[in-house]
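Novice: Each chain, written out:
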Amino acid sequence: MDMWNILEYAAWALSVLFAALMLVDLARVDSTYDNDLLTSSREGEIEATQERHQI
Amino acid sequence: MANVTSTAAAPERLQLLRVLGPGHVWALGVGIVLVGEYMGWNFAIGKGGMIAGLVACWVAGLLYTCVAMIDSEVTSTVAAAGGQYAQAKHIVGPLMAFNVGLFLVMAYTMLEAGNAITIGFLLDTVAGMQGHSGLNQQPFIILAVMFLAWLNYRGVLATLTFNFVITAIAFLAIIILFLVVQFGGSNVPLDFSAVAEEPLPYGWVGIIASIHFGLWYYLGIEGTCQAAEEVRSPSRSLPYGTMAGIMTLLIAATLTWYVCSGLIPWEYLGQAGTPLFDAARVTGSTGLMVLLFIGTIFSTLASANGCINDASRAWFSMGRDRYLPIWFGAVHPVYRTPYRSIVFLVPIALIFALGAPLDQVVTFSILSGLLGYTFMSFNMVMFRRKWPLETIKRGYVHPFHPLPAIVLLVLCATAYIAVFLGYGTQLIAMMCFYIVASLWFHFWRYRFVRRGDQFTMPWPRPQGY
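So the sequence lines, in the order shown, correspond to chains D and Z.
Position in the first sequence counted from 1, then plus 3, gives you my numbering.
Position in the second sequence counted from 1, then plus 1, gives you my numbering.
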């Protein structure tokens, strides 16, 4: 087994790790917070307060 | 809970985090594109010779300068995630917006897949040079996508700061290669004799055909718009970042053509997989070889990173407006990123990265991009007509209107012909896909959209309405 074989296994392991980090966190957030809050973002917040584009 | 927007009158809301500056916008735009200097553009030379490659470089540069100017004006006024999608929604209408949103997601997801394929190919090449044949590219392709998706998931500031660093190194690598070659540091001198001996080996049609690949020099600079909802000052940062980005790319593209065309015979250059790296090998300098290899890897990673950022913002915006299920319109309560959209697009990118050939993937990306640029030309005319300069304040006003819009439309038409010459079937298949998607949206999905909520800009009533 040369270095590239080891790197292949390392790449598989890291891929699984990053996928797990995202999926576990996604499941944790979705089960902890109310979906209405998570989807409460609205477009145009800065226009409503700071940049109203008035001449 | 951190960073939740609320007032006495309004309920709590999660918004994307406004932490970016002009440098991050530059890193997003140039980061997506710079890989096109490291590979792909040179097929333009294969299609039409050295002169055709240079004409393609500058004609495509003109096309994208128009794109950057138009985008800077409209996006500095419509500062919303989704970029051109939000522009289309406010200026043209919902069906156009749905299509533009799909163009964006397809263009960036396909480009991300293409970049992941390239990373696998590059590592396979290095492994081969070290005597290890038959490297399994799949784990490296998957790791590249997973790592960058995780980085995007964790926060936009770290993501685009990382992009800034690796993009700057990749750009400096091109400058250093040019300086070393120009000041005699190469074993092989620059040779442009083919310009005089074989100026247009395939005639004028070669110039038309080469424009398809000339787009690679700049494809994706319009992605700066996707950061609109996360920059601290959209009206300032977006025009600065976008215009600095297109200037950087015009310099990088011209230097790339100059160095590669001078060092590598055009017959070889037209088929090379990694032209800048090959040019560094021709110089005989080990240091330059290492530097340009690092530049190639960094530019590829930066492109994939920016593509994940942009595709997820476009998908998130469409979800938030209920053009897609609202589930996609969620913001992470801590990292303040569109985390569900980021995760959802990962397997789609992987399916194309692991199952489709590179040229098909990139062609689908280019076609989706072209459709978006065509939209921009008449979007700009409609924007100025409905809201003239004296009605709303812009962060940037582009000069010579409507000339850039007309030039952009003419160049897009030329590029369609160029793409049709080489990939006519894909062009027709792509059009069929968007027609079917439009029918689905018009006859089914639009009933779920809250029609009044989707128009958010505090603009006066458009002229003529």
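Hints listed in this document are in silico derivations from the structure and should not be mistaken for laboratory results.
Virtual Cβ for every residue (Gly too), placed ideally from N, Cα, C.
A hint or two may mislead.
[What the hints assert, rightly or not] Derived, one-sided and incomplete: chain D residues facing chain Z with beta-carbon distance under 10 angstroms: (1) Glu11; (2) Leu17; (3) Val19; (4) Thr35; (5) Asn38; (6) Ser44; (7) Glu46.
Novice: Which hint numbers does the structure go against, in order from smallest to largest?
Specialist: Result: no hint breaks.
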